[in-house]
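**Q** Protein chains in written order, with full-length UniProt numbering: chain A, 1 to 708; chain B, 1 to 708.
Hints are computed from structural coordinates only; laboratory data are not their basis.
A few of these clues could be false.
One copy or two, either will do: identical chains are not told apart, so a pair holds if it fits within one copy or between any two.
[Unchecked claim] Distance condition first, Cα-Cα at most 20 Å in a straight line; then the derived SDA-like pairs of lysine to any residue:
# : residue 1 : residue 2
1 : Lys567    : Gly250
2 : Lys382    : Ala126
3 : Lys613    : Asp87
4 : Lys566    : Val175
5 : Lys247    : Asp278
6 : Lys566    : Glu470
So the chains spell out like this:
Protein chains: 2
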Amino acid sequence: MLVRSQHSPFKQMAQMSHHMLPVLVAAVLSITAAASAASSHSHPHPLDPLTPDEITAVRAAVLASPRVPARPLTFHYVGLDEPDKPDVLAYAYGGSGSSSRPLLPRRALVIARAGGQSHELRVSVASNGTSAAVLSHAVHSGAGFPVLTLEEQFAAVALPQAYPPFVESVRRRGVDMDDVLCAVFPVGWFGGRAGTTAKRVAKMLCFVAGPTANFYARPIEGITMVVDLDAMAIVGYRDRVTYPVPKAEGTDYRAGKTGPPLAPGVAVQPEGRGFHIDGHVVRWANWEFHVGFDMRAGTVISLASVHDHDADAGTRRRVLYRGFVSEIFVPYMDPVEEWYYRTFLDAGEYGLGLWAFPLQPGADCPANAAYLDGSYAGQDGKPVGGENRICVFERYAGDVAWRHTEAGFPDRLITEVRPDVTLVVRMVVSPGNYDYILDWEFKTSGSIKFVVSLTGLLEVKGTSYTHADEITVDAHGSLVSENTIAVYHDHYVTYHLDLDIDGTNNSFVKNIITAKRNTGDPATGGAGTPRRSYWTVRREVAETEADGQADVNAAPADLLLVNPGKKTRMGNEVGYRLIPSGATAASVLADDDYPQRRASYTKKQVWVTPYSKSEKWASGLFADQSTGADSLTAWSRRNRGIRDQDIVLWYTLGLHHIPYQEDFPVMPTLSGGFELRPSNFFERNPILKIGRPPIRSSASGNCSCDAR
Amino acid sequence: MLVRSQHSPFKQMAQMSHHMLPVLVAAVLSITAAASAASSHSHPHPLDPLTPDEITAVRAAVLASPRVPARPLTFHYVGLDEPDKPDVLAYAYGGSGSSSRPLLPRRALVIARAGGQSHELRVSVASNGTSAAVLSHAVHSGAGFPVLTLEEQFAAVALPQAYPPFVESVRRRGVDMDDVLCAVFPVGWFGGRAGTTAKRVAKMLCFVAGPTANFYARPIEGITMVVDLDAMAIVGYRDRVTYPVPKAEGTDYRAGKTGPPLAPGVAVQPEGRGFHIDGHVVRWANWEFHVGFDMRAGTVISLASVHDHDADAGTRRRVLYRGFVSEIFVPYMDPVEEWYYRTFLDAGEYGLGLWAFPLQPGADCPANAAYLDGSYAGQDGKPVGGENRICVFERYAGDVAWRHTEAGFPDRLITEVRPDVTLVVRMVVSPGNYDYILDWEFKTSGSIKFVVSLTGLLEVKGTSYTHADEITVDAHGSLVSENTIAVYHDHYVTYHLDLDIDGTNNSFVKNIITAKRNTGDPATGGAGTPRRSYWTVRREVAETEADGQADVNAAPADLLLVNPGKKTRMGNEVGYRLIPSGATAASVLADDDYPQRRASYTKKQVWVTPYSKSEKWASGLFADQSTGADSLTAWSRRNRGIRDQDIVLWYTLGLHHIPYQEDFPVMPTLSGGFELRPSNFFERNPILKIGRPPIRSSASGNCSCDAR
């Protein structure tokens with residue numbers, strides 16, 4: 001299925017001369033204006049993403065401001081600078097009706113490049129959304145650069161075909177330049193210049209498409225090409241070694257559908273959907289939350305609260321203030337010249353929202369899904385309407401919410417079963433070769449399940465090997481096809497989860513499973529029985545950040561965020577616990593290795609920090625060529641107090657990926673995740689009384705679908 | 001929903017006088033005969049469970065045999081003694097058509113009690129299924145006793161109400177005997193007599209129902225009552241201490257449905273199901289497998305093979321010879337007199353198939369499910385028809401099988417998405433208070449996902465505490481309600497998985513993630529680049545059983561079963577790997593503790609043994625009061641060779657359960673599992689070409705269901 005890209009006007013722009021620009025810009029604006037008119041602005045929320053109008057106003061204010069006179073000025077990040085947390089909380093939970101809620105100021109954070117510098121600007125947006133003013137400006141003096149723009153990548157990949165050494169390299173390999181595609185790869189940092197003396201360079205890798213769409217499977221191996229993104233010129237080149245380009249046959253993933261037919265099926269909701277989306281606020285069952293969109297984080301879930309049936313009628317209880325994927329670290333494991341630097345930070349270098357694409361109805365999301373758009377700013381600062389970036393759907397997977405069969409009564413069998421229905425909020429990010437399906441699954445039990453599903457294409461290395469028996473040295477990967485080594489790598493998906501369990505101030509508790517010998521003495525937990533051992537719980541409350549780290553594969557423990565000021569009727573602190581579900585790998589790279597310094601937090605799955613509005617991006621605000629000086633680990637070295645504070649949980653799913661042939665040419669989804677589960681949050685099972693939806697118990701014959 | 005129990009005739013029997021027995025037996029036989037007539041015998045398979053007719057014939061042969069003259073003779077296990085593996089393989093994969101397949105002999109294994117001894121009898125069943133003959137007989141001389149029968153448990157729990165010390169205990173606590181229910185709990189083994197000098201005793205615990213069905217929430221604490229099951233008499237009694245009986249209010253889980261309504265929904269298959277069940281053989285998509293049923297294991301999946309599209313047309317490739325849950329170990333963590341022995345082996349003491357109950361359509365399984373019955377033998381050896389013990393359904397969860405969005409082409413966006421449809425085979429076992437939802441999920445990618453979902457009721461201890469602040473010593477559990485401590489415990493679900501990856505002889509391989517320093521020298525895997533570290537794979541092939549153990553939380557590794565005689569075109573050994581998905585706890589009990597000796601294999605999640613037909617039950621054939629002498633760990637001490645052999649994988653899911661208030665009065669499901677995933681089994685992604693089912697992309701409005 002070919003879908004015209006939302007990107008395509010910009011890509012075409014890169015190839016056209018400048019005087020065509022205004023015409024195209026107008027066309028794009030009208031497209032996006034039409035798109036924005038379709039979305040609902042009837043109930044604006046302080047956490048709503050910047051609207052296209054607001055983005056337009058921000059752009060104008062930045063360009064009109066005397067603070068950054070250098071031109072060109074390129075926009076690398078434009079996002080909501082959300083109101084300060086106390087103001088948002090007052091807005092959301094202050095208790096006054098919506099009509100009396102004070103309008104919170106709208107602000108944008110802009111990261112721009114101009115004059116060879118990175119600029120941070122905070123811009124206020126007028127309440128009518130059509131004008132804005134720059135509030136503050138700072139030049140970034142530390143290490144690292146902003147997110148790469150799509151436009152500069154498109155411009156850069158157009159350079160090689162006119163670069164004579166590359167033309168020669170291609171010719172020498174017997175490849176037709178018309179079949180060649182290139183992509184931009186961040187260089188990372190390897191101990192050289194950092195900060196303002198570093199050049200904003202990237203590397204480019206090229207591939208052969210030809211008859212296949214899967215050009216990633218056909219790399220032109222052995223070439224290192226460096227492009228200066230500010231100068232938009234190739235400034236380094238080395239063709240070190242030649243390897244065969246893997247053949248096209250067997251690499252394509254398009255069409256070609258045969259194989260045993262599967263019975264068609266679809267989840268049908270005869271009474272329509274059970275959730276409501278009001279602007280960006282989603283209400284479903286006992287959940288309410290705000291769905292935002294950010295060009296770097298993608299989906300942002302805020303102000304998630306549950307309705308507690310047992311408490312006073314209408315009592316909503318807070319669970320999550322703000323949650324999003326903060327970073328995705330993907331280091332490859334081949335130290336050779338053309339591979340050693342492939343140590344991606346997909347959020348900070350590429351932008352998860354920027355690389356989210358339209359979801360395909362009936363395929364990415366089922367037929368009963370609703371969709372949300374995700375607008376963002378292009379390099380020129382103008383709004384781009386991102387259609388169908390997030391979907392929301394109720395899942396009828398046939399699972400059970402709870403059940404019990406009681407056979408203990410002599411005269412009757414008692415069976416109670418409640419089928420489960422959950423709500424999924426999904427985004428798919430395809431930052432190059434990989435596809436990440438990122439799900440938030442809300443359960444009526446109060447749990448939130450996070451699932452990351454990996455699919456898409458492996459990054460492979462051209463080689464002369466055509467059979468594994470030929471390999472006598474460490475190939476740093478698996479031979480998945482002729483001349484094709486799929487290089488070993490890791491994936492670390494780091495979530496920023498500002499949980500506010502029943503209130504803002506929480507503590508981080510480890511309920512440590514502690515083996516005990518039966519002393520025989522009740523005073524020390526023992527008893528005079530033949531039982532020799534048991535385990536009990538040693539409860540540790542983290543005082544400072546050093547206590548707030550955890551390796552989930554080490555000594556067993558339940559990890560909780562609790563509200564020390566709120567207890568159940570039984571006197572237990574209300575909380576939520578974190579339950580990993582696969583994907584618990586931690587990085588094994590050396591602590592002094594450069595990529596590991598930039599994502600050092602990947603040595604532990606769990607970190608807890610005190611809330612700080614600026615601490616969002618685990619590898620730092622300026623992640624491209626970052627050094628780790630601004631990172632989750634660096635912040636935490638201050639060992640700040642995290643007891644009875646506003647704290648943030650950072651959880652990293654990790655996977656060591658040894659590729660196998662099934663992953664080629666495209667990988668069947670592999671999933672891992674975790675659950676945040678109420679733990680003494682409720683007085684009892686919150687879905688004991690939940691209405692059982694009249695799921696048809698009869699055969700499908702009572703439901704039918706129109707002929708296609 | 002009240003469902004008349006299949007057990008009820010037997011329970012009623014326990015309370016009636018003996019001369020009524022023949023009348024009831026006839027009634028039951030006619031019921032079960034009618035039930036059996038409904039099931040399909042048109043295509044008998046050698047692994048089919050014993051039919052009611054066969055069970056009847058086996059019973060007659062045992063009772064008529066002179067080998068066990070003592071009476072009464074009680075049947076504790078009657079199950080298929082499956083044909084020897086080479087014969088089954090010849091039958092299934094021998095290549096000749098079904099019409100020319102030789103009929104394999106049908107045999108039963110019977111474990112009976114008579115004359116104070118445990119008897120193992122092998123019985124051959126004639127091919128017409130109506131006559132049988134005892135082939136062999138042995139008296140068990142080792143430790144342990146067979147599975148407890150339902151009937152003896154029903155009989156035992158009728159004793160306390162007429163036992164004067166208990167009557168007094170009940171009176172003293174102000175409880176009405178009419179509200180009292182008891183249940184039988186195995187005693188385990190704690191170093192006392194074992195083997196033939198041990199008495200076949202159990203303990204009984206009593207509870208108060210009254211206005212609630214949840215009697216487990218209202219224990220009569222402080223009493224130890226010992227019943228001799230052979231003598232069917234109470235032989236030990238101690239009322240050590242009195243605690244309040246927790247109140248009934250808030251404990252019931254029946255009805256009472258309020259709360260926010262959920263939108264009804266159902267998976268609809270407009271063209272009907274995509275799977276076919278032929279007797280006990282299931283065919284779906286590229287999978288084919290046999291579903292059996294055993295009174296101790298429950299669901300047994302055998303002869304699972306996948307069709308390989310890339311190979312010659314019609315090529316089925318073997319994956320699993322036989323798989324089932326071998327044991328469920330549930331030790332509680334309170335050493336006090338009334339709790340120290342609660343260290344259940346749910347398969348070996350209770351029988352998973354015996355405690356599986358009818359699945360509720362539209363709740364336990366969705367509307368599009370098909371059901372399989374599970375017949376078993378009662379204590380008298382007569383067949384009982386177990387209706388709807390297993391369901392099979394296609395799951396349309398809205399997940400993605402694989403996808404890729406390609407934004408690298410300058411002129412177009414390419415998106416390919418394949419929605420996923422899976423096949424679930426489900427059984428629910430409720431052996432007392434807990435409910436285990438045991439799922440096998442087959443995927444078209446060739447993966448099998450195993451999911452265990454815990455729900456049902458906690459086992460709780462009466463206490464005088466009404467608030468956590470009162471607790472100053474180790475309570476060995478969580479205060480979940482007034483006077484109610486939910487005791488800490490573990491669950492270990494052990495799977496026996498006789499994988500035969502593309503053939504019988506396999507090896508167990510650990511692909512160990514090994515961190516390396518970049519030496520700078522290509523000869524040792526390094527390169528002259530600034531990258532300081534990476535990881536590579538050190539491949540270890542297990543030679544003997546000691547190498548075949550693995551702690552999945554220790555050093556990271558991919559764990560595979562491979563066929564050393566089969567390689568892909570690329571020269572990689574075909575295999576499947578094991579991917580844990582949560583629930584990776586290992587036991588922390590002391591090695592010398594009695595319950596730990598009986599389930600010592602729970603210290604490692606992974607074991608590999610050479611195939612041996614008798615090695616089925618991880619805690620031994622006679623698990624009640626077992627000592628561990630016959631167990632997975634004991635067999636493995638022989639350190640047999642497991643390289644290029646017919647080997648069996650044993651995988652144990654483990655969970656340390658600290659109860660929380662939400663688990664009370666009934667627990668929202670908590671799931672964990674693992675995946676068996678093809679790894680170089682296929683030449684490439686096996687679902688690249690799979691047909692995309694015409695899932696409706698339109699809104700639900702095109703599908704509708706009849707009014708109720």
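**Q** What label fits lysine 567 with glycine 250 when the C-alpha limit is 20 Å: within, between, both, or neither?
**A** between (60 Å within a copy, 19 Å between copies)
**Q** Can you tell me if lysine 382 and alanine 126 fall within 20 Å by alpha carbon in one copy, between copies, both or neither?
**A** For lysine 382 and alanine 126, only the intra-copy Cα distance (18 Å) is at most 20 Å; the inter-copy one is 82 Å.
**Q** Up to 20 Å between alpha-carbons, please classify lysine 613 paired with aspartate 87: within, between, both or neither.
**A** within (13 Å within a copy, 69 Å between copies)
**Q** Taking 20 Å as the upper bound on the Cα-Cα distance, should lysine 566 and valine 175 be classified as within, between, both, or neither?
**A** neither (68 Å within a copy, 35 Å between copies)
**Q** First find the shortest C-alpha distance between lysine 247 and aspartate 278 inside one copy, then the shortest across copies, and answer within, between, both or neither for a cut-off of 20 Å.
**A** neither (51 Å within a copy, 44 Å between copies)
**Q** Within, between, both or neither: how does the pair lysine 566, glutamate 470 come out at a Cα-Cα threshold of 20 Å?
**A** between (65 Å within a copy, 17 Å between copies)
This entry does not satisfy hints 4, 5, going by the numbered hints stated previously.
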